[in-house]
Amino acid sequence: MNEPNSEQLLTVEHVTKSFGGVQAMRDGSFDLKRGEVIAIVGGNGAGKSTLAKIVSGAHVPDSGRICVKGVEITRADHSVSHMQSCGIEVVYQDLALVPNMTAPYNLFLGRVPRKWGLFVDQKKMREKTREVLKQLNVTTVQDLSQPISFMSGGQQQSIAIGRAIAWGSDIVILDEPTAALGPNETAEVERLIEDVRDQHGTSFILISHNLDQVRRLADRIIVTHHGVTSGEFKRNEITSDRLVKAITLGE
Amino acid sequence: MSTTKTDQSFFTPERVEKFRDYVPFIAIALVILMFWAICGDRFMSVRNWTFIAQQTPVLMLLAFAQLMIITTGSIDISIGSSLAFSAFLGALGMLWFGDVGLILGVFAGGLIGMINGCILSLLKIPSFVTTLAMLIIVRALVIIASDGTSIYITAGSGASGGNISSVAAPWLLSMGKFPAIFIVAVIVAVLMWIFYEKTIFGQQLRAIGGNEKVLRLVGINVTLFKIKVFAASGLMVGLAACVNLARAGAATPQAGMMMELDAIAAVALGGTPLTGGYGSVIKTIIGALTLTIVRNGLTIAGVPPSWSQIALGVLLIAAIAISLNRNKIDVVK
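In the order they appear, the protein sequences are chains F and A.
Position one of the first sequence corresponds to residue 170 (this note's numbering), numbered consecutively onward.
Position one of the second sequence corresponds to residue -10 (this note's numbering), numbered consecutively onward.
One chain only, chain F, in its complex shape:
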């Protein structure tokens, strides 16, 4: 495993967000370096999903500052498509894929190549899909014409993560990437995350309830508590007990 270098990719400073009268995020701050995997942990309603959605562009923060590669994102610019153009992609827990469509379609979601303006360029999609799967060392997906609902959960998650990196993203947000998967598939996805990080220098923001996984994968762990990023720990300087305490009590 190589050490993340020092290039600062993302800085989030004191962002807030409320929905109606509910303050979902009161003070969120963290940063992310190239090739780094960080995890955001916290109990239900602690604000970790809100924080992730702010970074992905889905929520516009009420206040605070976000910089991607040294460029500040103004509130007017703050949108999913803008964040994508800055190299930030999200893999949502169960909202990442269209189950009745093929792997190539899902990989090209929102970017389907056109032929003569109106038609789908099937050939280009197939070729690129094979290329991406090869890059990811995913050899289990053979039939590209079947709906992905016929594939295993691990294969589906590979396609979802594949989509995030196929388009040259620097930062991938993973929202509970293995919550719905069995142990073998979880291991497969974790291997994929580490491979991609090592080979492409991609940074990951992992949102997870699974503290063992967090301790396995993340270089740093950010704890959220009642809408505040209350603590930050290096992987090797925290025990499970200490982490649970930080999550439940905000200490």
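Incorrect hints may have been included.
Below, a list of computed lysine-lysine pairs in the DSS-like style, where the Cα atoms sit at most 30 Å apart [unchecked claim]:
hint: 1; chain 1: A; residue 1: K113; chain 2: F; residue 2: K303
hint: 2; chain 1: A; residue 1: K187; chain 2: F; residue 2: K297
hint: 3; chain 1: F; residue 1: K284; chain 2: A; residue 2: K187
hint: 4; chain 1: F; residue 1: K293; chain 2: A; residue 2: K113
hint: 5; chain 1: A; residue 1: K166; chain 2: A; residue 2: K7
Restraint-style ranges between C-beta atoms, simulated for each label pair [unchecked claim]:
hint: 6; chain 1: A; residue 1: W85; chain 2: F; residue 2: G190; range: 37 to 43 Å
hint: 7; chain 1: A; residue 1: R31; chain 2: F; residue 2: R280; range: 54 to 60 Å
hint: 8; chain 1: A; residue 1: I92; chain 2: F; residue 2: Q368; range: 56 to 62 Å
hint: 9; chain 1: F; residue 1: W285; chain 2: A; residue 2: C107; range: 27 to 33 Å
hint: 10; chain 1: F; residue 1: H251; chain 2: A; residue 2: I114; range: 27 to 33 Å
hint: 11; chain 1: F; residue 1: R360; chain 2: A; residue 2: L250; range: 50 to 56 Å
hint: 12; chain 1: F; residue 1: G239; chain 2: A; residue 2: I92; range: 39 to 45 Å
Rather than coming from a laboratory, the hints here were simulated on the basis of the structure.
Beta carbons are placed, not taken as given, at the ideal position from N, Cα and C, and that holds for glycine.
Add chain A to chain F, keeping to what the hints say.
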């Protein structure tokens, strides 16, 4: 790279899946064989098949319109009223502007579809309720606008007497007869197949039926797309209305009543789940054909109309029970 799998059982999920895919084709073959056995040459005659070829196109076009909408997971039960409205405006257009005025009928269908799409996606009212309201409203509009009378298409140029409005358009009447109507149907079917299977639009139809939220998340304007779908489907209804006008030789206020249900039945007989995400143009054609053939065969066999409706209902349930894939439904919903 090829991997060989050894299957323990003959009925592997893949094989059951494949079999389900063929249900509409098996059903139509059985239906044809059955009526051939019962009615003999009265059913299996050139004359009768010519009749079936004339009878199917309107239903087929309506089924295409319905297919687009059902694929996205919505439903449109206003297309019968829309057909009457479009046929009426098409006939009126011909009265006002001559032959080209018929195009007004096509656009009228598109307009109603677009209104449906706007209500559905901007006011967020479920398609069933939206189109139910439109079914009632549009039918009433036709009756008000036509004052309950029909506009006839005539072959001769002789003036018609009294208050009866009529348009002389022998070309249109000949379009409603066998070779022409069949050729039009084939051309539309081929275009529809290309549109549905090969274009970005067709692909998006299925994707929206599969998981609309994902498409919104990746920044696709789903609201606008749905309006486009309903408008495109409406144009198809408008076209069906023109074909119906040619076949019936008149735009009547009652035209197209219950046709929305036939169209849904045809799509369902084609094995398309009403929950969206999947669909096939070819199987929808087979569905429309099956429906027409069953009606036709039962009539020839001398079954009273009410009983033949019961037979159709039973057939519909049987066909869907076999072709419906619970796996797919689980995933889609």
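Hints, one by one, checked against the model:
Restraint check for K113 (chain A) and K303 (chain F): the C-alpha separation of about 43 Å exceeds 30 Å, so the hint is violated. As the CA atoms of K187 (chain A) and K297 (chain F) are separated by approximately 19 Å, the hinted pair is consistent with the 30 Å bound. For the given pair, K284 (chain F) sits about 10 Å from K187 (chain A) by alpha-carbon distance, which is consistent with the 30 Å threshold. For the hint pairing K293 (chain F) with K113 (chain A), the CA-to-CA distance comes to about 37 Å; that exceeds 30 Å, so the pair is violated.
Distance hint between K166 (chain A) and K7 (chain A) is unfulfilled; the C-alpha atoms sit about 38 Å from each other, more than 30 Å. Between W85 (chain A) and G190 (chain F) the Cβ separation comes to about 59 Å, which falls outside the hinted range of 37 to 43 Å. A hinted range of 54 to 60 Å for the beta carbons of R31 (chain A) and R280 (chain F) is consistent with their spacing of about 57 Å. Taking 56 to 62 Å as the suggested C-beta distance range, the pair I92 (chain A) and Q368 (chain F) conforms, at roughly 58 Å.
A beta carbon spacing of about 30 Å between W285 (chain F) and C107 (chain A) agrees with the range 27 to 33 Å that was offered as a hint. The supplied range of 27 to 33 Å is met by H251 (chain F) and I114 (chain A), whose beta-carbon atoms lie about 32 Å from each other. The given range of 50 to 56 Å is respected by R360 (chain F) and L250 (chain A), whose C-beta atoms sit roughly 53 Å from each other. As the Cβ distance of G239 (chain F) to I92 (chain A) is approximately 58 Å, the hint placing it in 39 to 45 Å is violated.
Violated hints for the displayed structure, listed by number in ascending order: 1, 4, 5, 6, 12.
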